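Chemist: Sequences and hints are given; from them, build the entire structure.
So the protein lines, in turn, are chains W, G, X and S.
Per the numbering used here, residue 626 is the first one in the first sequence, and the count goes up by one each step.
Per the numbering used here, residue 626 is the first one in the second sequence, and the count goes up by one each step.
Per the numbering used here, residue 91 is the first one in the third sequence, and the count goes up by one each step.
Per the numbering used here, residue 91 is the first one in the fourth sequence, and the count goes up by one each step.
Simulated from the structure, these hints should not be mistaken for lab results.
Keep in mind that the hints are not guaranteed to be accurate.
To be verified - Capping the alpha-carbon separation at 27 Å, the derived lysine-lysine pairs in DSSO-like fashion look like this:
{"id": "1", "chain 1": "X", "residue 1": "Lys211", "chain 2": "W", "residue 2": "Lys768"}
{"id": "2", "chain 1": "G", "residue 1": "Lys627", "chain 2": "W", "residue 2": "Lys627"}
{"id": "3", "chain 1": "X", "residue 1": "Lys211", "chain 2": "W", "residue 2": "Lys771"}
Fair warning: this is a prediction, and the values are worked out from it, not measured in the lab.
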Amino acid sequence: MKKIINTPEAFVDEMIEGILLAHPDQLRTPGDDPRVLVRADAGAPGRVGIVTGGGSGHLPLFKGYVGTGLCSGVAIGNVFSSPSSQQVFEATQAVDGGAGVLYLYGNYGGDVFNFDLAADLSELEDITTRTVVGRDDVASQPKERKADRRGVAGIFFAYKAAGAAAERGDDLDTVAAIAEDVVEHTATMGIGLSPTILPTTAQPSFTLEDGEMEIGIGIHGEPGIHRGMLETADQIADRIVGALVADLELTAGARVAVLVNGMGATPLEELYVLFRRVHQVLSGLEVTIARSYVGEYATSLEMAGASISLLALDDARLALLAAPARSPFFEEV
Amino acid sequence: MKKIINTPEAFVDEMIEGILLAHPDQLRTPGDDPRVLVRADAGAPGRVGIVTGGGSGHLPLFKGYVGTGLCSGVAIGNVFSSPSSQQVFEATQAVDGGAGVLYLYGNYGGDVFNFDLAADLSELEDITTRTVVGRDDVASQPKERKADRRGVAGIFFAYKAAGAAAERGDDLDTVAAIAEDVVEHTATMGIGLSPTILPTTAQPSFTLEDGEMEIGIGIHGEPGIHRGMLETADQIADRIVGALVADLELTAGARVAVLVNGMGATPLEELYVLFRRVHQVLSGLEVTIARSYVGEYATSLEMAGASISLLALDDARLALLAAPARSPFFEEV
Amino acid sequence: MLATELNESIRRSLTELVRYADELRDLDQALGDGDLGITVSLGATAVIAALEELPDAATPAEIAKACAKAFANANPSTMAALVAGGLLAGSKTWTDTTEVDVAAAARFIRAGGANIGQRGKTELGDKTILDAIMPAADALEAGGDAVTALDAAIAAAERAVVETRGLQSRRGRASWLQERSIGLQDPGATAFWRYLQSWRAANVAGAEQLSGELA
Amino acid sequence: MLATELNESIRRSLTELVRYADELRDLDQALGDGDLGITVSLGATAVIAALEELPDAATPAEIAKACAKAFANANPSTMAALVAGGLLAGSKTWTDTTEVDVAAAARFIRAGGANIGQRGKTELGDKTILDAIMPAADALEAGGDAVTALDAAIAAAERAVVETRGLQSRRGRASWLQERSIGLQDPGATAFWRYLQSWRAANVAGAEQLSGELA
Ligand SMILES: Nc1ncnc2c1ncn2[C@@H]1O[C@H](COP(=O)(O)OP(=O)(O)O)[C@@H](O)[C@H]1O
Ligand SMILES: Nc1ncnc2c1ncn2[C@@H]1O[C@H](COP(=O)(O)OP(=O)(O)O)[C@@H](O)[C@H]1O
Ligand SMILES: [Mg+2]
Ligand SMILES: [Mg+2]
Ligand SMILES: [Mg+2]
Ligand SMILES: [Mg+2]
Chain W
626 MKKIINTPEA FVDEMIEGIL LAHPDQLRTP GDDPRVLVRA DAGAPGRVGI
676 VTGGGSGHLP LFKGYVGTGL CSGVAIGNVF SSPSSQQVFE ATQAVDGGAG
726 VLYLYGNYGG DVFNFDLAAD LSELEDITTR TVVGRDDVAS QPKERKADRR
776 GVAGIFFAYK AAGAAAERGD DLDTVAAIAE DVVEHTATMG IGLSPTILPT
826 TAQPSFTLED GEMEIGIGIH GEPGIHRGML ETADQIADRI VGALVADLEL
876 TAGARVAVLV NGMGATPLEE LYVLFRRVHQ VLSGLEVTIA RSYVGEYATS
926 LEMAGASISL LALDDARLAL LAAPARSPFF EEV
Chain G
626 MKKIINTPEA FVDEMIEGIL LAHPDQLRTP GDDPRVLVRA DAGAPGRVGI
676 VTGGGSGHLP LFKGYVGTGL CSGVAIGNVF SSPSSQQVFE ATQAVDGGAG
726 VLYLYGNYGG DVFNFDLAAD LSELEDITTR TVVGRDDVAS QPKERKADRR
776 GVAGIFFAYK AAGAAAERGD DLDTVAAIAE DVVEHTATMG IGLSPTILPT
826 TAQPSFTLED GEMEIGIGIH GEPGIHRGML ETADQIADRI VGALVADLEL
876 TAGARVAVLV NGMGATPLEE LYVLFRRVHQ VLSGLEVTIA RSYVGEYATS
926 LEMAGASISL LALDDARLAL LAAPARSPFF EEV
Chain X
91 MLATELNESI RRSLTELVRY ADELRDLDQA LGDGDLGITV SLGATAVIAA
141 LEELPDAATP AEIAKACAKA FANANPSTMA ALVAGGLLAG SKTWTDTTEV
191 DVAAAARFIR AGGANIGQRG KTELGDKTIL DAIMPAADAL EAGGDAVTAL
241 DAAIAAAERA VVETRGLQSR RGRASWLQER SIGLQDPGAT AFWRYLQSWR
291 AANVAGAEQL SGELA
Chain S
91 MLATELNESI RRSLTELVRY ADELRDLDQA LGDGDLGITV SLGATAVIAA
141 LEELPDAATP AEIAKACAKA FANANPSTMA ALVAGGLLAG SKTWTDTTEV
191 DVAAAARFIR AGGANIGQRG KTELGDKTIL DAIMPAADAL EAGGDAVTAL
241 DAAIAAAERA VVETRGLQSR RGRASWLQER SIGLQDPGAT AFWRYLQSWR
291 AANVAGAEQL SGELA
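Modeler: This is the structure we're talking about:
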């Protein structure tokens, strides 16, 4: 296990310490628990708060999307583990400006149960919460069981849209409806080429033979639909875009936002080779790409692999996506 | 060799095609050669042009730093290979607005010879050029042979400062002097944990045993000063910051910009664990960090490793570093 | 059993439970991410500390709530959240309870299990902790003296745990393994069974020897 | 030799040179990045194509310039840039040359080598192409009839190439290997020597047999 760390136990807290030292003007810890971070101006009166959270090891997910026009706060778990309900609750208290708080995070059991508990705690303190979970991974469940899908990189679109809505002063129900609408219109599928080594166990998250890839992999290395021989970039893009277009029922004339996401070790160059083909395929279907994002948006430590997300756009979603945003990890001007 | 590509031969051109498709509003090819990219408004009359270039495989270096407040154009070589003099010359013609062109790139033989040839070609066309080469890798040569050092991630500071100077209308000699001044005050050192596989040869760029690291590694996997057992993040940071502080002769009261750069496969989390210690060590020396950059700025495909760069600051350098900049890969607001 | 005795009994049983941490870690390593050992050992330590802080006047319901809060935060995870939620739901059945008997225990466990099932969107046979909780609740509801009822609950839970081996995991991280989960024993169900055993070993006279064998 | 014959001779010798591409690739793989085989084969093809386009009226200097331009762009690299620069410098010594004889060739190669040394900040013994060029220029400057002078140049270059094995690389990518470069033969110097041999094989009557042996 070759990692640039001190001890597996200190890894998460030292990482957070580094983030706070690097970006003191943009992020702060509202209380004593270093696992809770909020944007510098969190709690602005009248503005809907957005709290996200989840396990560590996915940077820039989740902490990276706390900022202007994005989320207001985050609760941070151990590597690939949920934060506690108490941490989510602390974040909730810190970001609430009287207009209520949206919980927006990925659909994983541990996270769901802890956010739900936090919602109960918040209710006791008269803070209204709504919950929307990212569930964009088409490989994790068939369309009939859409509600049970895992949340992966496509949650970025929901952060961006809901964050823009909160920033312009929409009320909680509207912000939640926007997040839900974006989640509903987002589909993602990924492939994995090599595993992650968990710092605490020093075990690979999965195993693959030389020359194999896992199609439909999740961001913790969860198995997908199909394990097969590594294909070319074009074949991979064709396969994934085909699945996403079918899932979203895109037809000629549709507009989409595209996110080609690197899982950690895959070079940015390869993501652009993928994007090239995504563009070709969508053009062939007369689907217009209105916004493109290429880079690392949701990683799995040093896993090699990539995912492609599509968000079907209407004018409202497009405007929210294009709104300005700023965090230490993401900037839209 | 697990790569998301089509063929090794098509890799670079398809990657460039992807970049142009993703960012058509910010970048364009001025002529027929896809290996030459310039910013959308390149050649603005009276503005000094800045041309960079080098081998592929280092994204966001070099193409990522073409934009507002950064470089004006780039000539792109094969993976880890120089662009041609003709390509550099084409970029030069496209970005020249009558105020001359600065060549700003890393100190590698192939690049130097091709840029020098391009300077000769430009002279024949009455385009004035100046050349400043990044040479910040303290591990590549001792201080007595500073002029022979390799250029690595620290060239980012020179792009940022020279780009800001060109943007505000400084003349060629001033822009060149600023670039030279920044290069002179920049020092970098890196460590490598795992090699890159070159797409064309399918060979690893170097070999390391389990549990070993290469201290002072270059961005093509060039050997450094010392090969030893992997250390903790704090030991690595102590070692590197110690070398950089000595090289730049920083003393209490100094101000610096810090860049903690990932070489490709190393998770962002680990870079922040490093940054934490860099901050501690510099604080202990009473050196102030005025600007922090943490992320992937100069990579080596999927190499695991990281580098730390310091730029000693004065008011002028700090102001240029803080100036706004925008490219598809880097934003400073 | 009165509140102060309940407090002590829980603490004693949790001291016993941590002996199973490695077993739970290994089971969770095979089916999940291996953190259940830590969840249980940190959780037990946190609950013991919280209970030591409670005043003697604390009611059974207050004791259960203190357990919930401490367990939820010790090592956040699926089990931490579900068990904490279950404890809170159980505590609501004790609002007027001053003395905990078999019937009160049955009420508590039934309500806790129902809450877990609801929150976890889980049914019996999904290969989760629920599969051990519900048969134990059934056994306790059948009544009898405390030791007999407890032994029946332990036996029912053990049977259920063994049966999880044949099931496919339908919830949580283990469900990602799909068919590959068959043959492996559910860690959460095991944890519940081990807790009942720990209670007996720590609190029932004559059970020390049994407990010794597990070391 | 007049310009048209020069044009043809260069093309013939380059066709011959590509036979050495694998050898050069392997040498550069050991000391550098392995692209020298491609540089030479793509470069040769590009130069041949450029020379075929030239009008018969092209002067020797114009021919050399066309070679420089084509070689520089075929596969950008250290050798591509240095050799192109050397060819341009050589062409300047031919401004008034209409017929290329041994003296003209010597002039050309000396100027080309000097340019490479200057641009590459290289001295003899740095284990580069310069180590083969300069002894060949010496041999040509010693004069004699064309074939004798060429053979002397080939012999001198070969000796220099063998000697590079004992040297440590001080320039370019190979210098990164430091002491580990000792024992390996410099690819750039080898390329120059192989080019002289190719010229002889392709253009000197009776040399076909020699050339055959290399296949
Ligand atoms: N949806 C669910 N409902 C009830 N129990 C569940 C559910 N999901 C998981 N579990 C239980 O949780 C146990 C794993 O707990 P834990 O290790 O804390 O999970 P994780 O590490 O994935 O957060 C499983 O063995 C199972 O008994
Ligand atoms: N500074 C220099 N001056 C002269 N020749 C050089 C210099 N650096 C390298 N060379 C020559 O170039 C050869 C390698 O050429 P090439 O493979 O094109 O380099 P690269 O692949 O590193 O760009 C070396 O064998 C050496 O002969
Ligand atoms: Mg990465
Ligand atoms: Mg990367
Ligand atoms: Mg677990
Ligand atoms: Mg080479």
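Chemist: Holds or violated: Lys211(X) and Lys768(W), Cα atoms, limit 27 Å.
Modeler: Given that 27 Å is the threshold and the Cα spacing comes to 19 Å, the pair holds.
Chemist: Is the hinted pair Lys627(G) and Lys627(W) satisfied, with a Cα-Cα distance of at most 27 Å?
Modeler: It holds: about 19 Å lies between the C-alpha atoms, which stays within 27 Å.
Chemist: Does Lys771(W) lie within 27 Å of Lys211(X) when you go C-alpha to C-alpha?
Modeler: Roughly 15 Å between the alpha carbons, so the hint for Lys211(X) and Lys771(W) holds.
Hint compliance for this structure: no hint is broken.
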